[in-house]
Amino acid sequence: MAITKKLLAVVLLIACLVADPVSAVCTFNLDTSSPTYPPHFVDSSNNIIQPTLQNGVRTITLAASQSITVACEGTNNFLMATNAQFNSGKCATAGTNLQIGTQNLGYSSLGCNAVVKETIKETGTCSTTGTKIEIGWQVNSAYINQLTVCHVQSNDNTLYAIHTIYGANAAADDKANARPSFRKGNYFVGVDVETAYSQAGQLVTVSDIVGSSTLGAQYIDTTKSYYFARGHLAPDGDFIDAGSQDATYYYINAAPQWQSFNNGNWKALEAGTRDLAISRVIDVVVYTGTFETLTLADVKGVQKPIYLAKDGNNNNVLPAPKYYWKVVHDPASNKATAFIGINNPHLTSVSGADVFCTDVCSQVGWMSWSNRFDIPKGYMFCCTAAGLHNVVAHAPNLGSIGLLV
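Under mature numbering (1 follows the signal peptide of the UniProt record, and there is no 0), residues -24 to -1, 1 to 381 are what the sequence shown spells out, in order.
One should not assume that every hint holds.
Straight-line alpha carbon distances no greater than 27 Å define the calculated DSS-like cross-link-like pairs of lysine-lysine that follow [what the hints assert, rightly or not]:
{"#": "1", "residue 1": "K108", "residue 2": "K311"}
{"#": "2", "residue 1": "K66", "residue 2": "K160"}
{"#": "3", "residue 1": "K108", "residue 2": "K243"}
{"#": "4", "residue 1": "K286", "residue 2": "K108"}
{"#": "5", "residue 1": "K286", "residue 2": "K276"}
{"#": "6", "residue 1": "K66", "residue 2": "K97"}
{"#": "7", "residue 1": "K97", "residue 2": "K160"}
{"#": "8", "residue 1": "K160", "residue 2": "K108"}
{"#": "9", "residue 1": "K298", "residue 2": "K286"}
{"#": "10", "residue 1": "K200", "residue 2": "K276"}
{"#": "11", "residue 1": "K93", "residue 2": "K200"}
The hints are simulated quantities; they were obtained by calculation from the structure and are not laboratory data.
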């Protein structure tokens, strides 16, 4: 009998060790077990839990006994295993299952009936004429912001977007997600944005502005990637899961950007910013915006502002920016660097007046280009955050902080 009690004690001890909350985690392999429409896992602080890259595998890890909300955001969306939109889940036992009610479900069984859907809401004003618009996620009574834009509705011009790159998660982004089409939402009323951004539409519009179809064809030359792309401000590649990437595809989060620039030095800047966050494992707040309106010479040599569309009252809307800018801010160290690119491949040279601040790119070791002075790829220069704000009033006012190098 004594031996039996000792054996029982050993068994109980082993059971306690196995249940040790330090080691009893739940892990979900997103590469091998993702459902068609994955939900969001939301923690008790109303943060979406994103995967990390572990040995090359996209993995979500929950602590022992961690409780979460399994969310299928969007109208008429629900978790197929429960028929409920928002579900309480718990990492009850170490392994690859999540306990929801009486069910223990693997990640492949946690599919929504449709892709998670973002919420767009206006939250005030910005700059002097802009509307502050947030794109995010409604989970029960909580709203989780993903990005914020400042959009001027009178001329369909977005001044800037703000979002965060999470360094611990950015490498685990869903690279297999197919790009959706851009959407108008409740904006660009009476404007045919699709036609405006089409290459054929651009050719007609620019030819009309410069007064010549021949000259227009020199400006809009697809063989050289001289046409306007839908230039993301907060880029899809900075976000992790497919739903969050899709949520960036709104015209209020874009502006006309020459494709040679979009796929050139600007693309390199976006990749370099992600690499910074990943390599240093820091969360960086990114402000991306536009400034002034691009002009092109007409048949008489007169510089004319370029707009891609007209509204229902025949007013020019959807201006092509002269500049794109990006401020990369590390709140932990409170340092930032501002990058500016000239959005005009047709310039023959860049003058001192075009570079409106002291260029400090040589001090920023984490960012480099094959040739940042290549005009078709987007001539790039760098400022302090204060130097940019002194010229661009709607750029962030972060004060006289140090340079992020």
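To see whether the hints hold, each was checked on the structure:
Between K108 and K311 the CA atoms are separated by roughly 25 Å; this keeps the pair inside 27 Å, and the hint holds. A threshold of 27 Å between alpha carbons decides the hint, and for K66 with K160 the separation of about 38 Å lies outside it, so the pair is violated. Under the criterion of a C-alpha separation no larger than 27 Å, the hint pairing K108 with K243 is consistent with the structure, at around 26 Å. In summary, the hint linking K286 to K108 is supported, as the alpha carbons are separated by about 23 Å, within the 27 Å threshold.
Pair hint K286 plus K276 holds up; C-alpha atoms about 23 Å apart against a cutoff of 27 Å. Distance restraint check for K66 and K97: the Cα-Cα separation of roughly 31 Å exceeds the 27 Å cut-off, and the hinted pair is therefore not satisfied. For the hint linking K97 to K160, the alpha-carbon distance of about 14 Å falls within 27 Å, and the restraint holds. The straight-line distance between the Cα atoms of K160 and K108 is roughly 16 Å, inside the 27 Å bound, and the hint therefore holds.
As the CA atoms of K298 and K286 are separated by approximately 19 Å, the hinted pair is consistent with the 27 Å bound. A C-alpha spacing of about 24 Å is found between K200 and K276, which places the hinted pair at or below 27 Å, so the restraint holds. As the CA atoms of K93 and K200 are separated by approximately 37 Å, the hinted pair breaks the 27 Å bound.
Hint compliance for this structure: hints 2, 6, 11 are broken, all remaining hints hold.
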